[in-house]
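Protein chains: 2
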Amino acid sequence: MAGEGVKLLGYWASPFALRVRSALKLKGIEYEYQEEDLGNKSPLLLQGNPVYKKVPVLLHKGKSISESLVILEYIDEVWKHNPLLPEDPYERARSRFWAKFVDEKCVPALVGVITKVGEELEKSAREAREHLKTLESGLDGKRCFGGTKIGFADVAIAWIAYWVRMEQEAFKIQLIDQQNMPLLAAWIDYVLEDPVMKEFMPPYDKLVKHTRDLREKLTAVVSN
Amino acid sequence: MAGEGVKLLGYWASPFALRVRSALKLKGIEYEYQEEDLGNKSPLLLQGNPVYKKVPVLLHKGKSISESLVILEYIDEVWKHNPLLPEDPYERARSRFWAKFVDEKCVPALVGVITKVGEELEKSAREAREHLKTLESGLDGKRCFGGTKIGFADVAIAWIAYWVRMEQEAFKIQLIDQQNMPLLAAWIDYVLEDPVMKEFMPPYDKLVKHTRDLREKLTAVVSN
Numbered sequence: 371m372a373g374e375g376v377k378l379l380g381y382w383a384s385p386f387a388l389r390v391r392s393a394l395k396l397k398g399i400e401y402e403y404q405e406e407d408l409g410n411k412s413p414l415l416l417q418g419n420p421v422y423k424k425v426p427v428l429l430h431k432g433k434s435i436s437e438s439l440v441i442l443e444y445i446d447e448v449w450k451h452n453p454l455l456p457e458d459p460y461e462r463a464r465s466r467f468w469a470k471f472v473d474e475k476c477v478p479a480l481v482g483v484i485t486k487v488g489e490e491l492e493k494s495a496r497e498a499r500e501h502l503k504t505l506e507s508g509l510d511g512k513r514c515f516g517g518t519k520i521g522f523a524d525v526a527i528a529w530i531a532y533w534v535r536m537e538q539e540a541f542k543i544q545l546i547d548q549q550n551m552p553l554l555a556a557w558i559d560y561v562l563e564d565p566v567m568k569e570f571m572p573p574y575d576k577l578v579k580h581t582r583d584l585r586e587k588l589t590a591v592v593s594n
Numbered sequence: 371m372a373g374e375g376v377k378l379l380g381y382w383a384s385p386f387a388l389r390v391r392s393a394l395k396l397k398g399i400e401y402e403y404q405e406e407d408l409g410n411k412s413p414l415l416l417q418g419n420p421v422y423k424k425v426p427v428l429l430h431k432g433k434s435i436s437e438s439l440v441i442l443e444y445i446d447e448v449w450k451h452n453p454l455l456p457e458d459p460y461e462r463a464r465s466r467f468w469a470k471f472v473d474e475k476c477v478p479a480l481v482g483v484i485t486k487v488g489e490e491l492e493k494s495a496r497e498a499r500e501h502l503k504t505l506e507s508g509l510d511g512k513r514c515f516g517g518t519k520i521g522f523a524d525v526a527i528a529w530i531a532y533w534v535r536m537e538q539e540a541f542k543i544q545l546i547d548q549q550n551m552p553l554l555a556a557w558i559d560y561v562l563e564d565p566v567m568k569e570f571m572p573p574y575d576k577l578v579k580h581t582r583d584l585r586e587k588l589t590a591v592v593s594n
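Protein sequences, first through last, are from chains A and B.
Sequential numbering from 371 applies to the first sequence in the numbering used here.
Sequential numbering from 371 applies to the second sequence in the numbering used here.
A portion of the hints provided could be inaccurate.
Unchecked claim - The calculated lysine to aspartate or glutamate pairs, modelled on DMTMM-like cross-linking and capped at a C-alpha distance of 20 Å, are: (1) B:K423 x A:E474; (2) A:K377 x B:E461; (3) B:K424 x A:E569; (4) A:K433 x B:D458.
What the hints assert, rightly or not - Just a sample of chain B residues kept apart from chain A, beta carbon distances all over 12 Å, derived: (5) Y381; (6) L428; (7) S436; (8) L439; (9) I441; (10) I445; (11) R462; (12) A479; (13) T485; (14) E490; (15) G511; (16) H580; (17) L588; (18) A590.
Simulated from the structure, these hints should not be mistaken for lab results.
Every residue gets a Cβ at the ideal spot worked out from N, C-alpha and C, and that includes glycine.
Please model the entire structure based on the sequences and the hints provided.
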C-alpha cells in the first residue's frame with residue numbers, strides 16, 4: 371500500500387521506534403526508514419520533535435507526529451484497514467490502559483535493572499517482577515492483549531518480551547517466573563514467534579553488548 | 371441525555387477527576403457522582419481500579435474504566451455527539467501529545483512546587499516555568515488547544531490554569547509571566563471564564579488550605 375511519502379525516524383535499539391515499525395508492517399504501509407545517530411541528531415528529528423528531540427518521529431504529508439503511542443493511534447486512524455485497536459470502546463480503553471501502564475511502570479523498572487547497582491538494582495528488579503505480574507492480569511486469560519490476534523497493546527508491549535529475556539540473560543537476574551506468571555510467559559513466547567513482531571526486534575547479541583556498554587557507562591561513577 | 375447508569379468515583383481536589391467531570395458535562399451525560407474518602411477508599415474504587423487504586427474511575431454498563439485520559443477517549447467514543455477530539459488525525463495526535471506532555475512534564479514540576487523546599491523547590495519552579503513555556507507552543511497561535519472551541523486537550527489541561535494561579539498565590543512564587551507567555555496567560559483567562567471548565571474547579575480557599583496542609587505534612591521531615 372502506498373504510504374503517501376511516509377518516513378520514520380528511528381533508532382535500532384529503541385523499543386518505542388520498534389512499536390511504530392511493527393504497526394506500519396501490520397498495516398502494510400510502505401515507508402522510508404531513517405536511522406538516527408543519537409549523538410548527532412538530524413535536523414529532521416530536531417524539527418520534527420522539538421519538545422523531546424527523541425525518536426520515533428513519523429513524517430507524513432508534511433507533518434510530524436511524535437510519542438510512540440500517539441503515533442500508533444495516528445496510524446490506526448489514517449489507515450483504517452487491519453485495525454490495531456478493537457472496535458468496542460471498553461476494549462479500546464483496556465488496550466490503552468495497558469500500553470500506558472507499561473510506559474509508566476515497567477519502563478522505569480526495566481531501565482533501573484540496566485542502570486542501577488546494589489540495593490537499588492534489587493529494588494528495580496523487585497518492582498519489575500511486581501509490574502510484570504500486574505501486566506499479566508491484563509491478558510485476562512487470553513493468549514494476547516488483542517484477544518485472538520495481535521493488537522494495539524501487543525504492538526506497544528511486545529518489546530517487553532524481548533527486553534525481559536535479554537536483561538535476564540545479560541545480567542543474570544530473574545524477572546519472569548514461569549510458575550508465577552504462566553500466562554505472561556506464554557504471551558512472551560507467542561509474540562516472539564510472531565513473524566511481524568520478531569522482524570523488528572534488534573539483533574540479540576548487538577543489543578546485549580549495547581545494554582552492557584550502557585550499564586558500564588552509567589554505573590561507572592558508582593563502581594569506580 | 372440518559373447516561374445508562376453512569377457513575378463516577380472522584381475526589382474534589384483531583385485534577386484528574388475534574389477532567390472527567392468536565393468531559394461528561396460537555397457531552398451532557400447524566401451520571402451519579404461518588405466522592406471518595408482517600409483515607410478509606412470504597413470497595414467500588416478498589417475493585418474498579420485494582421492496579422492504581424486511584425480516582426477517577428468511570429463505571430458504565432457493569433465495566434470500570436480508569437486513567438483520566440483513557441476515560442476521556444472512552445467518553446468520546448461511546449457518546450459521539452459534541453466530540454472532544456477534532457476530526458483530523460493529525461489534530462487528534464496533537465491533542466493527545468499535549469495532554470500527555472502535561473501529565474509527564476507539568477504534573478511532576480507543579481507537584482514539586484507544593485512538596486519540595488529550598489533548592490529543590492527552586493528547581494521545580496524553574497522546570498514548571500520551562501514546561502509551561504513549551505506548553506504555550508502547543509497553542510500554535512490559537513485561543514485554545516481545540517482551536518476555536520474547548521476540546522480534548524483543553525479539558526485535559528484546564529486544571530493547570532487553576533493550579534498555577536493557586537500555587538503562585540499560595541506560595542508566593544512566579545510560574546507564569548504575562549510578558550513571556552502571553553498566549554498561555556490569555557488561555558488561562560479563557561478556560562477559567564468558560565462556564566463548564568470553571569464549574570468543576572474546587573473551591574479556591576478550600577484548595578489553598580488543602581495544598582498548604584499537604585505541603586506542611588510532606589515537608590515536615592525536612593523543616594523540623
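Do the hints match the structure? See the list:
no.: 1; hint: B:K423 x A:E474; in the structure: holds (15 Å)
no.: 2; hint: A:K377 x B:E461; in the structure: holds (19 Å)
no.: 3; hint: B:K424 x A:E569; in the structure: violated (38 Å)
no.: 4; hint: A:K433 x B:D458; in the structure: holds (12 Å)
no.: 5; hint: Y381; in the structure: holds (20 Å)
no.: 6; hint: L428; in the structure: violated (9 Å)
no.: 7; hint: S436; in the structure: violated (7 Å)
no.: 8; hint: L439; in the structure: violated (8 Å)
no.: 9; hint: I441; in the structure: violated (7 Å)
no.: 10; hint: I445; in the structure: violated (9 Å)
no.: 11; hint: R462; in the structure: violated (6 Å)
no.: 12; hint: A479; in the structure: holds (14 Å)
no.: 13; hint: T485; in the structure: holds (19 Å)
no.: 14; hint: E490; in the structure: holds (20 Å)
no.: 15; hint: G511; in the structure: holds (15 Å)
no.: 16; hint: H580; in the structure: holds (25 Å)
no.: 17; hint: L588; in the structure: holds (21 Å)
no.: 18; hint: A590; in the structure: holds (25 Å)
In this structure, the earlier hints numbered 3, 6, 7, 8, 9, 10, 11 are contradicted, and the remaining ones agree with it.
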